[in-house]
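Protein chains in written order, with the working numbering: chain A, 1 to 289; chain B, 1001 to 1263; chain C, 2001 to 2350.
Don't take each hint at face value.
As the list claims (entries may be wrong) - Restraint-style ranges between C-beta atoms, simulated for each label pair:
1) B:TYR1024 - A:ILE186: 58 to 64 Å
2) B:GLY1097 - A:ASP187: 34 to 40 Å
3) B:THR1158 - A:PRO211: 24 to 30 Å
4) A:GLY12 - B:PRO1188: 28 to 34 Å
5) C:PRO2156 - A:VAL79: 44 to 50 Å
6) C:GLU2282 - A:ALA71: 40 to 46 Å
7) A:LEU144 - C:THR2145: 55 to 61 Å
To be verified - Using 25 Å as the maximum straight-line C-alpha spacing, the simulated DSS-like pairs for lysine-lysine come out as follows:
8) C:LYS2187 - C:LYS2340
9) C:LYS2123 - B:LYS1229
10) C:LYS2101 - C:LYS2123
11) C:LYS2155 - C:LYS2344
12) C:LYS2187 - C:LYS2344
13) C:LYS2236 - C:LYS2032
14) B:LYS1229 - C:LYS2043
15) C:LYS2043 - C:LYS2101
16) B:LYS1229 - C:LYS2032
None of these hints come from the bench; they were simulated from the model.
Idealized CB from N, CA, C, for every residue including glycine.
One-letter residues, chain by chain:
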Amino acid sequence: MTPSFKTRRRNGLLSALPLLLPAYAWLTLAIFLPLSAMVYFSLLSDIAPNAPSPSLTIENYATFFSDPLYATLLWRSLVLGLIVTLACLVIGFPAAYVLAKILKGRAREAIFLLVILPFWSNSLVRVFSWSMVLREGGILDTALNAVLPFEVTFDLIYSYPAVVIGLVHSYLPYMVLTCYLTLQAIDDALIEAARSLGASRLSALRRIVLPLAMPGMLAGSALIFIPVVGSFMEPRILGGRNGTLFGTVIEDQFTAVYNWPLGAALSFILLAVVLVILLAAAPVLRRTA
Amino acid sequence: MMRSSSLLSGLGRVYIGLVLVFLYLPLVIMAAMSFNASPFYQLPFEGTTSWYAALASNEGLIASTLNSLQIAVLTTLIATTLGTAASLALFRSDFRGKRALQALLFPPIAIPWLISGTAMLIFFFGTGIGRGLHAILLGHVALALPYVIIVVSARLQTFPRELEDAAASLGASRWQTTRKVTLPAIAPGIVAGALFAFAVSFDQFVVSYFLATPGQTTLPVEIYAAIRKGFTPEINAVSTIVILFSMGLMLIVSRFFRFAGDR
Amino acid sequence: MTKTMKPMLLCAGALLLATGAHAGEVHVLNWKGYGADEPFATKAFEEMTGDTVVNDFFNSEQEMLTKLRTNPGLYDVVMINAAFMRQALEENLVQPIDTAKISNYGDLDPDQAASAMLNEDGKTYGVPWTWGLTTIAINDKAFDTAPTSIREMWKPEHEGRVTIRDDAVEAIQLGALATGQNINDIKDMSAVETSLTELLPNVRTFWSAENDWNQMVASNQIDLGTYWSGSAGRAKAQFNLPVSLAVPEEGAVGWLDSFAIPVGSDNVEGAEKFINYMISPEFYVEWDQTVGAPVSASRRAVAALPEDAFNRRVMGSPEIAERVQFQQPITDEQRESYLKTWQKLKVGAN
């Protein structure tokens, strides 16, 4: 619906300002100024209490480039983000498809709610719950061994797969949600028309459903990839000695090592890399949208 | 063809069932272990409710739970008010740069929390705003605002603009129109937005983690500290309560906001 | 700021500022489950002095220092490993202690009380509390006879069943012990690195709290690992876990824990009373006998233990004494290079 000419003239930026200002002032104070402060901080030299007063330097960025350790860790975090995103896509898309196209009525509504409910429960607690499941001698393998004729042991805790499982569990509902929303918007008649014209189920999926669902898949992927790349709590709880990642090193700079300028520089590098990846993906997103 | 499609839908149902098992199994196991007597999660299972009883005397957990609730309520009030006002303004007006202004809502959602959290830590610490509950509140409102604006704006899309014009032509003031016509019509959206804000704040860990100080922490931060410094089934007990609380809350939200769409 | 926002913020601020530290409370920063937070102790102290104990915990010495730096004025007492005292001093984080106000101070082992790590320019900054060993502890279920060499951790049969603490200094010093070097004067760093690189595949996970260790033993996930002497005693005494301490022939790392008063404490008097209670025989005997503890720095407190107590009989014996290498402070450069090395090793191991 387009506003009438009269309405538009009456409601310019000036009249909107009083209602807009509080929200944007708040965002400025809590998001935009802090981000600017972080950029400034990343250019400071040491801030230890006994150090000489800080001066501007690019040393912190130089540290990132001079020590391959940081690049390795950043790479590992990016790979982890990719693995988790792909796993969510592979598991989440079919689930969203079943919800949108196979289930109907109340059953669909109830199951949909069940799938996204965990998304609103505490993610920390959900990660913690996996440490109960994945441990050897835990409740799951004890229960399975009681009914299965052969011996099974789960011994995944403190490993890379444990981190992946925990993260997939955390972020899967995002993918189901975004894929569901786009799949639901696809008219069933379109698929049926293709089928009646002789397209196989598979080619209807490939030629019609997948392209139309692409925006949802990409949106879900972005929503998952971004936080996973910066994750530190999940690898700390589930990863054990395999849990050193870019996010944990950044956290260390702030909570333990007390090198905030380096932490800020590393954060900013992470942000830049994420933005570059998003920008690179933007044309694809626009084309399919 | 009929048979293959019913086979497919059967498989689909089984698949969804498996996904649900994946999503819920760890939570069920965690809850089960909160009723097990061994402090080291040893089996065989020995039933007890003593971990829940222990919660009642754990002052740190109780204090941080009250903090979490307090911050979530304040976040809800502030974010809903500011967010609804901004949504109305964006809905009613049209000006150059409106899209850019809308795009500015996304950083709080799109930037990794680790980065928002550390940036806030640096800024609040450096400017004397300091850390603690007030800083956590500042951060939570910023994180919740975009959600409120998105949800309320979505509801506004279904609101017939002519109603406002009609009320105005009948002589109602701007404020009367808003209060008597617009707000009641979009109330379900506002309620849903408010509950989103509550959930965002109550579950938030990362930003709170960097802004908390000893004595001024929230429940998730306290739980994380407990997990890192040695956890007991007491943590399972409090986690079980938190999970049930959040999920119950979202069940209520679902009555106001149809996630599954209207089709 | 708009009219509606201002009262709202003020209101929120008032609500939130209602909490905070005040006198009558002693804020203590320590490891979790390390004596100062024992319910019997906080209760007894409160009954004795009327001051309430408020505990906060750290995960590593690094985190402890950062908590002091970023929360000036919050803490009244902090537990500092003597080897880290110099760093705290250099950054002006702790203040001199008037030992005359601490009546049990005279019971302390004179050598420990006079330690150069805790005293500077004739002022005392740390009151020694306990000492103990970082050595190996074993899961009794995994061994018929206790191992005598630290190299046991490197054996292939323990692959994925060893745990060490995620701490750069402790890890490097472990490597030094295993390669027969002086932990305070490591000459051959590359040997240490090689040795740790060989060890890492055996490591199941790092432990950061006692509870981690105990849970892993309880669920039989590990055979052995580095542990602290007091903690191993606690695992056995309090939780009935199959944990035994072993002091290998290569030696063990000795540490001295002390209490200090942070700069800016608003309850120095309460802090002094608390430290005095922590080094008293009444506290120590109950701690060691009902919970499990390392060795007290107070001679009177150790003498008050039953004669067969581990901390009196074994830890006091000359055989142990000659195997212990006490940690000396390390320089900032060393610490940084240790940290880097350790990070590199951890990442390289995957």
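**OP:** Below or equal to 25 Å on CA atoms is what counts here, so check LYS2043 of chain C against LYS2101 of chain C.
**Re:** Cα-Cα ~22 Å, so holds.
Original post:
Does the structure keep LYS1229 of chain B and LYS2043 of chain C at a Cα separation of 25 Å or less?
Top reply: This hinted pair holds, its Cα atoms lying about 22 Å apart.
Subject >> Pairwise hint evaluation, LYS1229 of chain B against LYS2123 of chain C, where the allowed Cα distance is 25 Å at most >> reply: This hinted pair is violated, its Cα atoms lying about 34 Å apart.
Original post:
Given the hint that LYS2236 of chain C pairs with LYS2032 of chain C, does the C-alpha gap stay at or below 25 Å?
Top reply: With a Cα-Cα distance of about 18 Å, the restraint between LYS2236 of chain C and LYS2032 of chain C holds, given a limit of 25 Å.
Original post:
Okay, GLY12 of chain A versus PRO1188 of chain B on CB: inside 28 to 34 Å?
Top reply: Given range 28 to 34 Å: holds, Cβ gap about 29 Å.
**OP:** Starting from the hint 40 to 46 Å, judge whether the C-beta atoms of GLU2282 of chain C and ALA71 of chain A obey it.
**Re:** 56 Å, violated
Original post:
So does PRO2156 of chain C sit 44 to 50 Å from VAL79 of chain A, Cβ to Cβ?
Top reply: Hint violated: Cβ distance 29 Å, outside 44 to 50 Å.
**OP:** For the pair supplied as a hint, LYS2187 of chain C and LYS2344 of chain C, confirm whether the alpha-carbon distance does not exceed 25 Å.
**Re:** 20 Å, holds
Original post:
Quick one: are LEU144 of chain A and THR2145 of chain C within 55 to 61 Å, going by C-beta?
Top reply: 35 Å, violated
**OP:** Look at the Cβ atoms of GLY1097 of chain B and ASP187 of chain A and judge whether their distance stays inside 34 to 40 Å.
**Re:** Check passed, 36 Å falls within 34 to 40 Å.
Original post:
Regarding the pair LYS2187 of chain C and LYS2340 of chain C, is the alpha-carbon distance no greater than 25 Å?
Top reply: 17 Å, holds
**OP:** Mind checking the alpha carbons of LYS2101 of chain C and LYS2123 of chain C for me, to see if they're no more than 25 Å apart?
**Re:** Roughly 14 Å separates the two Cα atoms, so the pair holds.
Consistency note: the structure conflicts with the earlier hints numbered 1, 5, 6, 7, 9.
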